[in-house]
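**Q** Throw the hints in and build the complete structure from the sequences for me.
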Amino acid sequence: MYHVHMSYGPDSPALTDITLRIEKAEFVFITGPSGAGKTSLLRLAFLAEPCQAGQMLLFGKNVARVKRREIPLLRRRIGVVFQDFKLIPTMTVRENVGLVCDVMGIGGRERRQRINEALRMVGLEHKAGSFPLKLSGGEQQRAAIARAIVNDPPILLADEPTGNLDPELSRAIYRLLSEINARGVTVVVATHDIDWVRRTRKRIIEIDRGRVISGGMPDA
Amino acid sequence: MRRSAVIVSRALVDLVRRPAVTGLTIGTVAVVFLLLGLFGLLASNFSGLADKLSSRLRLTVFVDDDCQRECRQQLQQWLQSREAVAAVVVVERQQALEDFRRRLGDDAHLLEVLGENPLPASLQVELRPGKRRTEIMAALATQLEKLAGVEEVQYGQRWLGRFFRFIRVVRTLGLVLGGLILLAAAVIVSNTIRLSVYSRRQESEIMGLVGATPAFIKAPFYLQGALVGLLGAGLGVGLAYLAFLVVAPWLRMPVGLGQSSFTPAFLSPTTALLVVAGGALLGLAGTAASLWRHLRK
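Those protein sequences? They're chains A and B, same order as listed.
With the working numbering, the residue at position 94 of the first sequence is 94, and numbering never jumps.
With the working numbering, the residue at position 68 of the second sequence is 68, and numbering never jumps.
Calculated from the structure, these hints are not laboratory results.
All of these numbers come straight from a predicted model, not from anything done at the bench.
Have a look at the derived ranges for each label pair, beta carbon to beta carbon:
1) B:E205 x A:A53: 26 to 36 Å
2) A:A172 x B:A184: 50 to 60 Å
3) B:P19 x A:P89: 20 to 30 Å
4) A:P10 x B:R2: 37 to 47 Å
5) A:G163 x B:A184: 43 to 53 Å
Partner residues are not named here, just some residues of chain A that face chain B (Cβ under 10 Å, in silico):
6) A48
7) I71
8) L73
9) R77
10) I78
11) K86
12) P89
13) M91
14) C101
15) G105
16) G107
17) R147
18) A148
Idealized CB from N, CA, C, for every residue including glycine.
**A** The structure is reproduced here in structure tokens:
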């Protein structure tokens, strides 16, 4: 992102003059207090919000003024994990994870293989037939991660993925995200858990009041 | 193929998951199309009856007592020169009396009281087959009444005019009421789909987040609306047909003198299919209205 500005209205600037770069296969934390703009930054990266000024390069393409019809196609290359999991309660874990395959038109054996692989990676093969409300918080978040990675996206965005989880489960989730990163997926995690993040020795981008305070550019 | 299967599956699951609402909506659309169908049948059969009746009509030109042979021949030639006229037959006064005596049958002796023959001579005009016979007859009558030797022209104009006015009223009423109840049916379908959209709002949001296009998200709802409309219209047309089978034998009637009769007709298969397709369109319209309000983003 280069000098990106984003606002929710004329008197509601969310992000101001954001300049940052995240390299392929990096694992980056975005930290800051509540209201700093972490979620806004991820929503921008996810093309859920338009930017009013600046450039945003994604997969080598400037998506700052992307056409609406291109957004779904770009989103298929970005996995997203949310704080509230966003699992469909009337679908089983397998069906939730398979939703991405349905959207992409993947069926048959390939669909089964992808779902099984994603569930195996997050350790939920034995819960494939369960409904989300029967799962613990940690299991629900793992199911959400499985859905986010089932189509092998090059980028994974996670917005406060451990916000509803206890510390032990939080560590398990971050370990899982690290494993995913180890496979070459660029992982960006927004979190306010700054103390723990600093101990991970991963790159940290700090933002406050909609501005990048530090860590916007990777070390040379 | 997979995407199509997903769309169909999502559409059907929603309909099956709420059988009461689905059944009620289909039933309501069926009633709408039943009413429309019955009204349409009424209007079309009345039109058919009017056409049949008007095809049996003859123009009768009554001539003055002063209009003798030469005058009648001139009138006959004038009529035969008109493109719309197929045949002209002159009925002399004596012939008219004989015809009347035959029609009276056993009461023919009543004519003894009359003394002299009161019936005028006339020209019986038969028109060529074709449309707008009533209008052509009216135009001919207007021209004839201006000609010398013509006392009166009759073709059943009074009752025919009333009958056609009645048909126009039925048609207009049918269009207005039909339009209103179709609108009501579209609103009902729209509300049914709205329930579906609402119950799947989280799923629709998530599908958008994982890269589903707006068309992929909306397609199952359109399919639902079309199915509900199609099934409702099909049921309505079927019920209309059953009603027709029961009532039609009572409506067969003779037309004019002789063996000719009018037999009511149901919609042709093509028309029936078009009506059912119209039901699907109604469903699509109701869905579009619902999605426009609830899934704009």
